[in-house]
Amino acid sequence: MKRLIAIVEDEAAIRDNYAAAFMREGYAVRCYANRAQAMAACNARLPDLAVIDISLEDEPEGGFELCRQLRALSAELPIIFLTARDSELDAVSGLRLGADDFLTKDLSLAHLTARVNALFRRVDALRRPDVASDIVHRGPLTLDAERMQAQWDGKVVLLSLTEFWIVHALARHPGHVRTRQQLMDAANVVLDDNTITSHVKRIRRKFQGSDAKFDCLQTVYGMGYRWVE
Amino acid sequence: MSLRLKLLALGLATLGLPWAGCRYAREMEAALREGEQTSLQAVAQTIAASLQGRTDLLYREALRPAESTQDAPAPQASGADGARSAPEWTAPGPYDLRPLALSSAPLIDGYPDDWPREPAAWRYFSHDAQHHFGILSGVFERMLYVLLEVHDERALFDAPGSNWLDPATFGDRVWIGYEDNHGEQQQLFLAATGPGALSARRIEAGDFGEQRVIIEPRVRAAWQGMSGGYRVEIRVPLSMLGERFGVLVDDRDARGGAPVSYGTLRSEDLRTLGRLIVAAPELTSYLAQFMQPGLKLAIRAPDGQMLARADALAQARMLTAGTPLLARLYRRFIDRPGAPSLIEARAPIYARDSRAQIAALEVTQTPDRWLRLRDRALTRMLNFTLGTSVVAVLLMFAFAAWLALRLARLRRASESALTRTGLVTAFPDTTARDELGDVARSFSTLLGRLNAYTDYLRTLAGKLAHEIRTPLTIVRSSLENLEAEPVDEAARTYLARARQGSERLNAILIAMGAASRVEEAIGSAERVDFDLVALLDSAVAAYRTAFPSRAFAMELPAGPIMLHGAPDLIVQLLDKLIDNAVDFSPGGATITVRLRLELVGAFIEVDNPGPPLPVHLQGRLFESLWQSRPDRDSRPHFGLGLYIVRLIAEFHGGEATAVSLAGESGVRVSVRLPR
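In the order they appear, the protein sequences are chains S and Y.
Letter by letter, the first sequence follows residues 1 to 229 of the numbering used here.
Letter by letter, the second sequence follows residues 1 to 675 of the numbering used here.
For reference, chain S alone in the conformation it holds in the complex (with noise of 0.2 Å):
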């Protein structure tokens, strides 16, 4: 059975190219425009994954609080946020609803398909309880390739997509520095280099909720980024 894909975009022609994209991937696409079509299919059937603008005809902030009962329906569905918006305070607000990314329009549909794959797998992975394949070790760092998840002595840092991919990419060679432009293609992402610091920016802060004295991430300056044990 193929798997669904809601669209939730009230500009046509975006809608269509993006749902003609993904059925050339093998899935299964249904769109809306605004947020009582989308909530009322999605009561009906929830899709297996969905990705949302952020303003939705006559709403402007209609996409954050259709993540926030699309949440409320389901944990474990996968929300990509996708707009026009790339403002800071819009990037934090969606992810705080519990989007698993947040994207920007920029965005080529190849890499958007690539991060609608990479979220697939991640729900498989936690749905096979125990595969232990392709697991980084760093100190107190677990990374969990397969299943897109961080853990710091033991406990689980809920990571974006995005985040996950940039702490991956550091972390899987520590002591190298990382420029923006590598942590950007890591990350399947074009960013400006603002959005890649408020990016690190927030990694730390989610390890730092963990462990008050997280330093492994360090600024070189203008260089990039680096990993350090």
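Quick caveat, the hints were computed from the structure, so don't treat them as lab data.
Values in this document were obtained by computation on a predicted structure and should not be read as measured data.
The reader is advised that the hints may include incorrect statements.
Said to hold, decoys possible - If you anchor each label on the Cβ, the simulated ranges turn out as follows: (1) Y/Leu-661 to S/Glu-65: 49 to 59 Å; (2) S/Ala-44 to Y/Asp-455: 38 to 48 Å; (3) S/Asp-134 to Y/Glu-526: 26 to 36 Å; (4) S/Leu-158 to Y/Glu-489: 43 to 53 Å.
For each residue, glycine too, the CB sits at the ideal point set by N, CA and C.
With chain S's structure known, arrange chain Y on it following the hints.
Leaving out everything else, chain Y in the frame of chain S:
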């Protein structure tokens, strides 16, 4: 010339007020003087009238010629001109003595120093070329003073200790002859045995016909030699004297020799030849009752000879010594040099029948009285006008200062409004109801509009980026979908081009949103303590690899420089500075990154060789949407780089400046970061 100075000059124009006051004071002075003159004339006439016909007072003795006028009334009564030759008053005869009215008593010492220097008052009598003497006489109070200067080649004293009556001992002698109050002729002789004081002596016949010499104690005299003769000074109380008075000099060439006698006594019997024409002593006291400080009264005989005077001019001067400093100061400004300082009035004194003039009264007044009046008025007026001027000047100055202050505030507000990112809409003085308020209001309105416009411009990039993103996404996703479709090779070429174009569009969009993202980053930036030296060191190392076509020189201080701020933002700032330096420098050039520590903070300076700053850009270089890139390159530019530098510098409490390097060889951008 500032507004303040202009208004100050205008205020100084009110100093014309005191000037006009001075003019007025001068006119007033003239008027006062005229009035004073008139009143002085009236005083003179009053005194003269009170003296009308008082020949007894004017002259010690009733003038014989005056009596004769009664016998033969003068046909002429034409006026005072003929007073000198008026028949009522005969001109003195050759032997008459006209004593001066002295202002002080001469000391009886034989020296002439304390006599007034009036050559005209001297009378000279001579016997021949070798024998002559001069006589000067004067009256002070109730004394007659006589000064004799006798020309004598051989002054001869009496033999000392001799008998005054022994002719053999006789030296030069001076005889005084006078008519006493009873009309009797009296004689005294002065015989000196040496210089100095000597006594007057009189020869009396004793009971038995013998002659005795008695000292006349009321008369004082002194004898002093002089070149070519001797001087004798004599004092005789007027009470002794009657109408006539004379002096005879006995000049002997040898002691006991025959004398050469000459003078105003008849040498045969020593009878007086001339009269003593002198005012009554009471006249002076009579005049004294009219005296006031600053006044001088003088009565002159018709021939001009002074009969009596009362002088209190000096007293007035004493009074003026106490005038306040301010008045004296004012007077210095007002008094014209050479202005007559005394006023005078004359009035003839007539005989009882009002026809003949018997004397003239002369009243002189010092200016002190009217000057005092004028000074008082002047001082008050000048105080008023000067005070008014000063107040006016101060008020104008204060007003000007206030205006200037408001203008300066307005200027500052408009200047800062134009340079700050967000224009200030709160403009000073907009509530004022005057023209400045109007200016401020229109400025405020204008700036408000400008603000809206600038705001619009500032957000335009972000808005555009946002608006363009959606259609661009449509284009890009469509193109990507199309790539997945089976298309022929020719179409694929165009597809690739379309992809490239859309990628570039995307890059442009990202660049356009850069400023707003930096603003956002600044808003959420956290400050930490970091070492600026280490940061620069590491960043410049990165630039070396990023820009292999440029050399980077570093000038960093030895020790660490700790700063409290956002290192990420500082790196971004550096990125923009280096970006800029690379863009504007030729390939292979050396870009210098310098860190200097000064009192006001740390200075990051980036020097790049290349074209100097265009003059028209000076000061606006760090504003949003300004750029001066002479050449076009593939990367999109919106003039946001240095604007971002400024935003970050300002976030750290510093500022960014750019100057052309010496010799126009390049540009130095420097950023101050306070510690």
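Does the beta carbon distance between S/Asp-134 and Y/Glu-526 stay inside 26 to 36 Å, or does it fall outside? 35 Å, holds
Supplied distance hint 43 to 53 Å, evaluated on CB atoms of S/Leu-158 and Y/Glu-489: 47 Å, holds
Could you see if the CB distance from Y/Leu-661 to S/Glu-65 stays within 49 to 59 Å? The hint (49 to 59 Å, Cβ to Cβ) holds, given that Y/Leu-661 and S/Glu-65 are roughly 57 Å apart.
Cβ separation of S/Ala-44 and Y/Asp-455, checked against the hinted range 38 to 48 Å: Cβ of S/Ala-44 to Cβ of Y/Asp-455: about 47 Å, so the range 38 to 48 Å holds.
This entry satisfies every hint, going by the numbered hints stated previously.
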